[in-house]
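Undergrad: Here's the letter readout for the chains.
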Amino acid sequence: MDQDKSFWAKLRGIVWLIHQVDAGMLPVQFCYVLLIGILPYLNTGFLGVLLIMLQRRARPAQIVALLLAFLAVRLGLTVLQRVVEKLQADHHQLLGQRLEALTAEKLVRLDYQDFESKDLRAAYDTARRGASFSGDLGALVQSGFYQAFNMLIAAGFAIGILVTLLRGHVAESKFAWLFNSPWYLVVILAVLALPLLLSVWGMRRGSVKQREMIQKIVAHNVSWQYYNDFAENFKNGELTRLYDADGMMSRAEEKALDAGNQATWHGMMGMFGATAVPSAVIQLAVGGLFVLVGLQAYAGGLAIGTVLIAVGYLQQFMLAFDGFIGELGYAVNEVNYLQYYVTLLKMPTSHTGGTLPVEKRTDNDFAIAFHDVSFKYPDSDEWALHHINLTLHIGERLAIVGKNGSGKTTLVKLLCRLFTPTEGEITLNDIDIQKYDLAEYQSLLGVVFQDFRLFAYSIGENVAASTHVDAARVWQALDVADITARVKAMPKGLATPITKSLFDDGIDISGGEAQKIAIARAWYKDAPIMILDEPTAALDPISEYEIYQRFDALVGDKTAIYISHRMSSTRFSQRIVVFDQGQIVQDGDHESLMKQAGLYRQLFNAQAQYYTDDKIKEERQQGLQSAAPVVQ
Amino acid sequence: MAKKKPQYSLVNNLRWYFRQVQRYFPGLKWDILGTVVVTALTGVIGVIVPAWLVGLLASRAHFSYFVEVALGMAVALAAAGAASTFLKFYADAWGSNLRAKLAVALHQLTYQMPYQQLQTPHVQEQFHQSFSNALSWTLAGAEAIFRSTKGLLADGVTLLIFTATLSAFTPWLFVLVLVAAVIGYWGLQSYRQWYETNKANWATQRRQTSYLGRTAYALENGKDMRLYHIGDWYQSHYEALLQARMHWQRADSTRTAVAELIGDVAGFVRDGAAYTMLVLAAAAQTLSIAQFTLLFGVTNQFVALTNGLLMDWHQLQKASLDLQELRAFTDHQTPAPTQPLAAADASQLAKRPVTIQFEHVSYLYPEAENPTLRDVSFTLAGGERLALVGVNGAGKSTLSKLMMGLLDPTSGTIRINGIDAATLPPQTRYALFAPVFQESTLIAADVAQNVAMTAEPDARRVQAALKQADLTQTVADLKQGVHTQLTRNLHDDGADLSGGQAQKLMLARALHKDAPVLILDEPTAALDAIAESAVYQMYATLTTGKTSLFISHRLASTRFCDQIIFLADGRIAEQGTHEELLNAHGRYAEMYAIQSKYYQKEVKQDGSGQVVLG
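These protein sequence lines are chains A and B, in that order.
Going by my numbering, the first residue of the first sequence is number 1, and it counts up by one from there.
Going by my numbering, the first residue of the second sequence is number 1001, and it counts up by one from there.
Incorrect hints may have been included.
[What the hints assert, rightly or not] Listed below are the simulated DSSO-like cross-link pairs for lysine-lysine, each with C-alpha atoms no more than 27 Å apart in a straight line:
| no. | chain 1 | residue 1 | chain 2 | residue 2 |
| --- | --- | --- | --- | --- |
| 1 | B | Lys1029 | A | Lys255 |
| 2 | A | Lys346 | A | Lys255 |
| 3 | A | Lys346 | A | Lys106 |
| 4 | A | Lys216 | B | Lys1479 |
| 5 | B | Lys1546 | A | Lys118 |
| 6 | A | Lys403 | A | Lys346 |
| 7 | A | Lys10 | A | Lys118 |
| 8 | A | Lys595 | A | Lys403 |
| 9 | A | Lys360 | A | Lys346 |
| 10 | A | Lys360 | A | Lys403 |
| 11 | A | Lys360 | A | Lys118 |
| 12 | A | Lys10 | A | Lys346 |
| 13 | A | Lys403 | B | Lys1479 |
| 14 | A | Lys376 | B | Lys1597 |
| 15 | B | Lys1597 | A | Lys595 |
| 16 | A | Lys346 | A | Lys118 |
| 17 | A | Lys106 | A | Lys413 |
| 18 | B | Lys1467 | A | Lys216 |
| 19 | A | Lys255 | A | Lys360 |
| 20 | B | Lys1005 | B | Lys1088 |
| 21 | A | Lys500 | B | Lys1479 |
| 22 | B | Lys1597 | A | Lys403 |
| 23 | A | Lys216 | A | Lys235 |
| 24 | A | Lys216 | A | Lys118 |
| 25 | B | Lys1479 | B | Lys1467 |
| 26 | B | Lys1546 | A | Lys403 |
| 27 | A | Lys255 | B | Lys1088 |
| 28 | A | Lys558 | A | Lys413 |
| 29 | A | Lys435 | A | Lys558 |
| 30 | B | Lys1546 | B | Lys1467 |
| 31 | B | Lys1318 | B | Lys1088 |
| 32 | A | Lys413 | A | Lys435 |
| 33 | B | Lys1318 | B | Lys1467 |
[Unchecked claim] Just the calculated beta-carbon pair ranges, DEER-fashion:
| no. | chain 1 | residue 1 | chain 2 | residue 2 | range |
| --- | --- | --- | --- | --- | --- |
| 34 | A | Leu197 | B | Thr1197 | 51 to 59 Å |
| 35 | A | Glu232 | B | Leu1160 | 42 to 50 Å |
| 36 | A | Glu232 | B | Thr1170 | 51 to 59 Å |
| 37 | A | Gly424 | B | His1247 | 50 to 58 Å |
| 38 | B | Pro1335 | A | Leu77 | 34 to 42 Å |
| 39 | A | Asp552 | B | Lys1351 | 21 to 29 Å |
| 40 | A | Glu232 | B | Trp1248 | 56 to 64 Å |
No lab work stands behind these hints: they were computed from the structure.
For glycine and all other residues, C-beta sits at the position ideal for the given N, C-alpha and C.
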């Protein structure tokens, strides 16, 4: 996020943001401030004019006319206020809702690298923390812009009354020269300026103190939030009970809380001077203004009513200014961290800008090749993949095995264009995949990730990944994944929501069932290339076996990549590629690889040892086993 | 719909709240008193002094006197303002703090109450409501009650003073003020009833938009979102949600506007009557302009004070409503009882190794339809290794929780060393078991604290446990060794352990506890083949001398065990040693055959190239 944009540029960005999200917000807000803010001026104005009329002994009819006019305006103002207040409330809600919607939609469509980037996430964390501490976009509009508009209105009235003061003509007297000279204005401005300057001083100092306080508090808040979340996750209750750890956690929570509160209190006391002094000085200035303006009244150049109006309006201006300045610190802060939204909404959804459409083939004749591909993750110095050369033949079923962290999943991420290779290129039918239109390219891939995710909507929507559900096809997909019976037994069938996160009539499913639904989702997509990353890790042996049996139905004549660390799954692959530390170290089928004294054999034997007769006999002879007898 | 009377009345809640104030931060009482005094004083000076000055101007009193009054007012108001700021800071800081202390107390209660209760859906719901309504933010019940009481008293006293002042001039203005307030209140009340009845409607949308927002941002969702073009799906949902939300918003804001207008019009009549009386009196010169200015200023304050008062009263009532769940939860959920064991039982329990018996145990989860376990009976003899296998959802984890005492049987008895486990105090029961759960839970604390589960661990004991779990080298390689912070939740330089390392740490934790019964629940699910095999090698040595329960669906592990129980549909389907079960050719044998098939030297294939069970 650019730190070097000027404040005005950032503010323009915010105004653009508000306009994008809800064009009517700021105009309505201005009207609202106007209608709310005008009441004190109206009251004071009426009082002043009435006093003038009384002083001049006006006729009762005139006085009554003034009263009626005042009452009529008051009533009209009241009604208008409520109408605009309603509009303002509606817009405020719309602003918040649409901002959330636009942000979420953007996040979902962003290039994966941008989505994952630390910078973006750090900016989001800042925005979120800021929003909970000072306020979000809506708060900026309701406080920051409110105060700004308010001050503009107050300034208008103040200038108007200053003009009146200057026009007051004083009859001959001791101080006539004072009032009739420009020095009078200067003195009044000086009395006005003092609290205004102090307000600015107060804001600056308060801002510094606030930043210090926030820094101290944030760490404590994060701490407290952690313990809070820990306690609310009831599953942790198993841990705290069985390991007698509730005392430790409660004490830590309380400690974090107390520390945070001490920091807050000290911070606030630090800011006390900056807040209280300007307000106090405003009161003193009002006193001073009464004296100055009252003097002019004493000297005969001003009606009593005008004294009240003048002091009243100037007081309003000082208060509005102080209010604005007080809010300015928060507002500047908000403008800064809300840049996250400006930047996010202005981001393009794809950087590689590929535009080629993918040729539609009914024969699923898609060949993928890796040409000397090396890859480093964006925030890392280590190479995750080194010089990968791999050609996937059409319709081939490829198994990829290797230890945890050897680069298997990274390969898949590159293939899915979630990341771009640092060196080398990946081609589809001999064309660099980066050149294809991203959406079209990704529609070629049906993927079940190791850490796949389902969403708390209905099973139908999850399988179809859309609100448009082709029920017949969904049932077919569920059948391939061997979960038809379970879904048929559910109260709402396909419309049953998964988990109770969103809907109370949702049901909880086991890890294995979720995996089957993820498999169904991949099948539903009907993509020519299937990628399955540990698709049976959470399944029990019987379910796993049944998936393997259906593998043919799942994959058909498509090109398939199958990643697993359960060696049992490699038996039915035509080709196995072994990864180790980011490189391909072996490539062949099961028989040929078992003949080599390499990683594959090592991995296979490590798992097989529990199931093979030879090994058991051997261990028995060495007496390493406990009493368990041998399988005959 | 008939309005339910809340269980805890406003007065009851106020009494409860001020007991908490007295307990944690008694200073808050004085803050309220101070605020009332300062607010009233500021209000009074604010209307008296301008009137006074107007009087002085009109009577052409000595200018120096005028100056004294003006500056005196200024100083008084400046001091009052500073006092007000201080009181507000104090209230914000400590009022918020009090709310947080109540949250800590709530958490403590959930740590100490019977675990079974926490599994009950309606108790969980009550907890979440308690937190959400009473404790979650600045205007939640437990802080709003303080703010609104303070505001109510401050505005109320000031309004009373002003009304009295104006009534000195026109006695029955007092009536007008009261009537306008009542009408305003009635207008708001009818709105509030509509709000209470309908707010659930947009709570649903809130829940969904919140969910969509969170999931869009969550890193782990990113891949699937892109590969399955979730963007369009999101857009459809958001559009629908937005429309629904705005519909309710407009309904809400219109009703609010109408409700408030009713109060406004009543207020206008009040003010109009007052202004008219004052103006006519001033014109007829029965009021001096000083008196007029005073009374006019007072009248101006009515709108703000009355609205403020109504708002405070409304918020106070809302705060009281928002406290209902918290009060109910804290009153009904109590810490588990802890009567100590009789001496005879205690010495029986101390016998090692520990024997556990299940006698016709059944279990039904709270608010569930079907029992998870049915009539389960077995004996886990002292020092024996028992394997518990079965398909997902068969009830394995439930059985282990029953054994540990996290859950109580719906029917049947569990005996530990012959003693009925239901008579054991929870902590005594828990002390017997050292579980390694399926999911690794690392706490944001250092390695030693994670192993020992205490803030002050015994270094040697920790090292011994790490050694047994084969973690000595891994920990030594960390930047601060055993004092390295784990996870990045609280420390940016915290270490993240891999799945395998975390699982070993869980094992170290269990070993550190050195309890007589070790329970291992799928401890190798996240490990690759080589690491997994290393754990199995360890298992044999680690369980010597202890009673242990091993839960898994990977049958490779069960061969180390002395006895195997195969659970299906909540019942024990098969039971015996590995050989006995294989010879029985039942479901265990079938499952074993399936898993081991792929590791045999030869794989039978039919013509289609598929692997077939031979």
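Undergrad: If a hint holds in the structure, say so; if it does not, say that too.
TA: Here is how each hint holds up against the structure:
Distance restraint check for lysine 1029 (chain B) and lysine 255 (chain A): the Cα-Cα separation of roughly 25 Å lies within the 27 Å cut-off, and the hinted pair is therefore satisfied. Simply put, lysine 346 (chain A) and lysine 255 (chain A) have alpha-carbon atoms about 42 Å apart, too far for the 27 Å limit, and the pair is violated. Between the alpha carbons of lysine 346 (chain A) and lysine 106 (chain A) the distance comes to roughly 9 Å, so the proposed pair stays at or under 27 Å and holds. This hinted pair checks out: lysine 216 (chain A) and lysine 1479 (chain B) have alpha carbons roughly 26 Å apart, not beyond 27 Å.
Between lysine 1546 (chain B) and lysine 118 (chain A), the direct Cα distance comes to roughly 47 Å. Violation of the 27 Å bound is thereby established for this hinted pair. Between the alpha carbons of lysine 403 (chain A) and lysine 346 (chain A) the distance comes to roughly 41 Å, so the proposed pair goes past 27 Å and is violated. Distance restraint check for lysine 10 (chain A) and lysine 118 (chain A): the Cα-Cα separation of roughly 21 Å lies within the 27 Å cut-off, and the hinted pair is therefore satisfied. Of the pairs offered as hints, the one joining lysine 595 (chain A) and lysine 403 (chain A) holds, with about 20 Å between alpha carbons and a cut-off of 27 Å not exceeded.
Proximity of lysine 360 (chain A) to lysine 346 (chain A) is assessed by CA-CA distance (about 33 Å); at most 27 Å being required, the pair is judged violated. The suggested pairing of lysine 360 (chain A) with lysine 403 (chain A) is violated, with an alpha-carbon distance near 37 Å, which exceeds 27 Å. For the hint pairing lysine 360 (chain A) with lysine 118 (chain A), the CA-to-CA distance comes to about 37 Å; that exceeds 27 Å, so the pair is violated. About 13 Å separates the Cα atoms of lysine 10 (chain A) and lysine 346 (chain A), which keeps this hinted pair within 27 Å; it holds.
With a CA separation close to 25 Å, the supplied pair lysine 403 (chain A) and lysine 1479 (chain B) stays within the 27 Å bound. Restraint check for lysine 376 (chain A) and lysine 1597 (chain B): not satisfied, since their Cα atoms lie roughly 39 Å apart, outside the 27 Å limit. Pair hint lysine 1597 (chain B) plus lysine 595 (chain A) holds up; C-alpha atoms about 20 Å apart against a cutoff of 27 Å. Pair hint lysine 346 (chain A) plus lysine 118 (chain A) holds up; C-alpha atoms about 18 Å apart against a cutoff of 27 Å.
Simply put, lysine 106 (chain A) and lysine 413 (chain A) have alpha-carbon atoms about 21 Å apart, close enough for the 27 Å limit, and the pair holds. Of the pairs offered as hints, the one joining lysine 1467 (chain B) and lysine 216 (chain A) is violated, with about 39 Å between alpha carbons and a cut-off of 27 Å exceeded. For the suggested pair lysine 255 (chain A) and lysine 360 (chain A), the alpha carbons sit about 63 Å apart, so the restraint of at most 27 Å is broken. With a C-alpha separation of about 34 Å, the suggested pair lysine 1005 (chain B) and lysine 1088 (chain B) falls outside the 27 Å cut-off, and the hint is violated.
The straight-line distance between the Cα atoms of lysine 500 (chain A) and lysine 1479 (chain B) is roughly 42 Å, outside the 27 Å bound, and the hint therefore fails. Simply put, lysine 1597 (chain B) and lysine 403 (chain A) have alpha-carbon atoms about 22 Å apart, close enough for the 27 Å limit, and the pair holds. Our distance criterion of 27 Å between C-alpha atoms is broken by lysine 216 (chain A) and lysine 235 (chain A), whose separation comes to about 31 Å. Among the hinted pairs, lysine 216 (chain A) with lysine 118 (chain A) is consistent with the structure: their alpha-carbon atoms are about 23 Å apart, no more than 27 Å.
Only pairs whose Cα atoms come within 27 Å are accepted, and lysine 1479 (chain B) paired with lysine 1467 (chain B) is accepted, the gap being roughly 18 Å. Using a Cα cut-off of 27 Å, the hinted pair lysine 1546 (chain B) and lysine 403 (chain A) is violated, with the two alpha carbons roughly 33 Å apart. With a CA separation close to 25 Å, the supplied pair lysine 255 (chain A) and lysine 1088 (chain B) stays within the 27 Å bound. Under the criterion of a C-alpha separation no larger than 27 Å, the hint pairing lysine 558 (chain A) with lysine 413 (chain A) is consistent with the structure, at around 19 Å.
For a cut-off of 27 Å, the pair hint linking lysine 435 (chain A) to lysine 558 (chain A) stands: about 23 Å separates their Cα positions. For the proposed pair lysine 1546 (chain B) and lysine 1467 (chain B), the alpha carbon gap of about 18 Å is at most 27 Å, so the pair holds. Of the supplied pair hints, the one linking lysine 1318 (chain B) and lysine 1088 (chain B) holds, its CA atoms being roughly 22 Å apart against a limit of 27 Å. Of the pairs offered as hints, the one joining lysine 413 (chain A) and lysine 435 (chain A) holds, with about 17 Å between alpha carbons and a cut-off of 27 Å not exceeded.
The suggested pairing of lysine 1318 (chain B) with lysine 1467 (chain B) is violated, with an alpha-carbon distance near 57 Å, which exceeds 27 Å. Between leucine 197 (chain A) and threonine 1197 (chain B) the Cβ separation comes to about 53 Å, which falls inside the hinted range of 51 to 59 Å. At about 44 Å, the CB distance of glutamate 232 (chain A) to leucine 1160 (chain B) agrees with the hint of 42 to 50 Å. For glutamate 232 (chain A) and threonine 1170 (chain B), the Cβ-Cβ distance of about 58 Å falls inside the hinted range of 51 to 59 Å, so the restraint holds.
Remark: the range hint 50 to 58 Å for glycine 424 (chain A) to histidine 1247 (chain B) is upheld by a beta-carbon distance near 54 Å. In this structure, proline 1335 (chain B) and leucine 77 (chain A) break the distance hint of 34 to 42 Å, their C-beta atoms being roughly 58 Å apart. At about 57 Å, the beta-carbon gap between aspartate 552 (chain A) and lysine 1351 (chain B) misses the expected band of 21 to 29 Å. At roughly 28 Å, the beta-carbon separation of glutamate 232 (chain A) and tryptophan 1248 (chain B) lies outside the given 56 to 64 Å, and the hint is violated.
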